[in-house]
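A.B. asks: Each chain, letter by letter, is given below.
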Amino acid sequence: MFSNNPRHLWQRYLVALVLISLSIIVLNFAPKANLNAVEASAEVIDTAGRQRMLSQRMLFLATRVALDEGSSKATYQQLRSATSEFALAQKQLSKARERRDRAAHSEELLKLDRLLDEKVAAFVKIVRDIETDLKPTERQALLNELIRLGSEGLLGDLDSAVQRDEKYILKKVRRAETLANAAFILALVVMGLSVLLIFLPSHRTILKFLEDRNTFETTLLEKNQELEEFTYVASHDLRAPLRGMENLVVWIDADLPEDTTEETRSHLVLLRSRILRMNGLLSDMLAFAKIGKTPPDVSTFGLRPAIEEVVTWVDIPDGFTVNLDPIMPMVTASRTVFQQIGLNLLKNAIRHHDKDTGRVDFKYSVEDDRHIVVVSDDGPGIPAEYREYIFKAFKRLEARDKVEGSGIGLSITRKLVASLGGTIELVDPPKGETRGSTFRLSLPIREPSEVMEASAAA
Amino acid sequence: MTPLTILAVEDDDVDLMSLQRALREIRLVNPVKRAIDGVEAWDHFFDDGDKPREDCADIVLLDLNMPRMSGHDFLKKFHEIDNRPACKIFVMTTSDSDQDIVGAHQYDIAGYLLKSDLVESLREALEDLEQKWALIA
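Taken in sequence, the protein lines are chains A and B. Residue numbers for the first sequence follow the working numbering, beginning at 1 and rising by one. Residue numbers for the second sequence follow the working numbering, beginning at 1 and rising by one.
Simulated from the structure, these hints should not be mistaken for laboratory data. Be aware that a few hints might be false.
Only some residues are given here: those of chain B computed to face chain A with a beta carbon under 10 Å [to be verified]:
1. Asp12
2. Asp13
3. Val14
4. Asp15
5. Ser18
6. Arg21
7. Asn65
8. Met69
9. Thr94
10. Ser95
11. Lys115
Ranges of calculated distance between the beta carbons of each label pair, as one might list FRET restraints [stated by the list, open to error]:
12. Ser266/A to Pro31/B: 35 to 45 Å
13. Arg24/B to Thr218/A: 48 to 58 Å
14. Asn30/B to Asp356/A: 45 to 55 Å
15. Ser273/A to Asp55/B: 43 to 53 Å
16. Val39/B to Val427/A: 51 to 61 Å
17. Ile101/B to Pro444/A: 25 to 35 Å
18. Ala289/A to His79/B: 23 to 33 Å
19. Asp255/A to Pro31/B: 24 to 34 Å
20. Asp356/A to Val39/B: 51 to 61 Å
21. Phe230/A to Val39/B: 44 to 54 Å
In this text, a Cβ means the ideal position worked out from N, Cα and C, and glycines have one as well.
Bound conformation, chain A alone (with noise of 0.2 Å):
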């Protein structure tokens, strides 16, 4: 139903999400829809109370009226307003009982309300009528008429009639606890089908993620360590005998005979220069390998200094120029491992220039935060289709004997600038050249109060 990527358990969070909200709801709005009923009820309630004691009270009035031939106004005043009351509450009882009994669909109960309707209103009718003037026997009729409603039938149809409403109530009140308790065992049942489908299972998945990193990363790591180990070894060991085979060329080339060949002679040479080819494969691969595993030296130094300096080591041969911008930052970063990069580019570019004067340009600008440092020559140039081929290891454009090199010169240049955090590409020459490559170098701007913080902690 769901996948096991960890990327998708957005989907079963969801979901869970889903279910938990609209239990919630639930949970908040079924019991009330019963209980907004028993509110109106308790009202209902309220006025059948006061109107039970309204016909109390009218009884007693109309009792005294009868007793007593001289009542005085106040008296049949009293009457009068205790029986309008009685008839308005009547009213709203009757109105609000007879919505509860259409809505509970109770042909039953409508018939006993509409009943209790019309005996109210037979004795409303009667004890307005005591109040006109009548003879004495008429009027005696009538309170007995009166007393007789009263006492039997009226008072014990106003008391079912309550009884009735409290029934309703009781009902509406249970039935709302039941559907609070199947709500909250649904909200129950939710959560713990939550737990069980949705929780338990991304948690497994996030665990067994984990392990995969954890078994990946111990991999990698002992792959590297062997890695290391190997090319060390590799290094090492191999330039032993490699060392053994130039001494011993030097010295049977010391020893040759006057009348030895120059075709020997020759292959002695080669043989030199295939010797050396191979000290120098391995020791740019010892260096490849080593780039990264020594922490940087990082500090704030001048920018220009560092390149005059690099200039210095490098044995610029006539007719050639380097060129440096007046004005260069101090920069921090790894100095000798900036150095590194500049002797690999200026060394690049007098190796494979094709005349024999030339020069080579190092300029400094600021772009979007970052330094950008562009070494420039007006050497043949690399085709625009190379441009990312020449930063691969072991990548050459020329023949090796036209050109000593092992290719792998750039591809450390760009592990280089890599550790330094920056980025080096080919790009096009500046505007009004034709020939040369430009190497544009972006370093990334460090305060040096960064470095403190990281030498501190470290």
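Using the hints, position chain B against chain A.
C.D. replies: Same frame as chain A, but now just chain B:
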């Protein structure tokens, strides 16, 4: 006065030839003995494993990368013996990392010799030695 003897501890024959030629070039004609690894070097200095001998070399040129017992192992064991014979040990290195590693252990060595430039290294080393011994003598 008997001339100082030199012990060359080197397993590679061609490297040994290099060493001999270098010594010839700086006109050092002292007798040179050879041990092919740390074990042989040990036997040169000690009888029965731990009894110092009398007639051992005064100067030792010690290669690091050897079978059975490497230069490192030899140095470690040698320095554990308190009554070891007095001699000046020069370590022959092929790279900077060799120097770092050996230096890190702070063995009592007289200096480093770069295999890639034996003649110069030897010359410097022996000039240093001469000065030191001149002071003592």
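A.B. asks: Take the hints in turn and mark each one as holding or not.
C.D. replies: Here's how the hints hold up against the structure:
1. Annotation: Asp12/B was flagged as interfacial toward chain A, and the flag holds, the nearest CB pair being 6 Å apart, inside 10 Å.
2. About 8 Å separates the beta-carbon of Asp13/B from the nearest beta-carbon of chain A, less than 10 Å, and the hint is met.
3. Hint on Val14/B holds. Least Cβ distance to chain A is approximately 3 Å, under the 10 Å limit.
4. Against a cut-off of 10 Å between C-beta atoms, the interface hint on Asp15/B holds, since the closest Cβ of chain A lies about 6 Å away.
5. A distance limit of 10 Å between C-beta atoms decides the matter here; for Ser18/B the minimum to chain A is near 5 Å, and the interface restraint holds.
6. The restraint placing Arg21/B at the interface with chain A holds, with a minimum CB-CB distance near 8 Å, inside the 10 Å limit.
7. Residue-level restraint check for Asn65/B holds (minimum Cβ-Cβ distance to chain A is 7 Å; threshold 10 Å).
8. With a least beta-carbon distance of about 17 Å to chain A, the hint placing Met69/B at the interface is violated under the 10 Å criterion.
9. Satisfaction of the interface hint for Thr94/B is found here, the shortest Cβ-Cβ separation to chain A being roughly 7 Å, below the 10 Å cut-off.
10. The interface hint given for Ser95/B holds, since its Cβ lies 8 Å from the closest Cβ of chain A, which is under the 10 Å cut-off.
11. Using the Cβ-Cβ criterion of 10 Å, the hint placing Lys115/B at the interface with chain A is satisfied: the shortest such distance is roughly 7 Å.
12. At roughly 41 Å, the beta-carbon separation of Ser266/A and Pro31/B lies within the given 35 to 45 Å, and the hint holds.
13. Between Arg24/B and Thr218/A the CB atoms are about 54 Å apart, so this pair conforms to the stated range of 48 to 58 Å.
14. At about 51 Å, the CB distance of Asn30/B to Asp356/A agrees with the hint of 45 to 55 Å.
15. A C-beta distance of roughly 47 Å is found between Ser273/A and Asp55/B, which places it inside the suggested range of 43 to 53 Å.
16. Separation of Val39/B from Val427/A is about 60 Å and conforms to the stated range, judged on CB atoms against 51 to 61 Å.
17. For the pair Ile101/B and Pro444/A, the supplied restraint of 25 to 35 Å holds, since their beta-carbon distance comes to about 34 Å.
18. Against the hinted window of 23 to 33 Å, the Cβ-Cβ separation of Ala289/A and His79/B comes to about 32 Å, which satisfies the hint.
19. At roughly 25 Å, the beta-carbon separation of Asp255/A and Pro31/B lies within the given 24 to 34 Å, and the hint holds.
20. Separation of Asp356/A from Val39/B is about 58 Å and conforms to the stated range, judged on CB atoms against 51 to 61 Å.
21. Separated by about 27 Å at the C-beta atoms, Phe230/A and Val39/B break the suggested range of 44 to 54 Å.
The earlier numbered hints that this structure contradicts are 8, 21.
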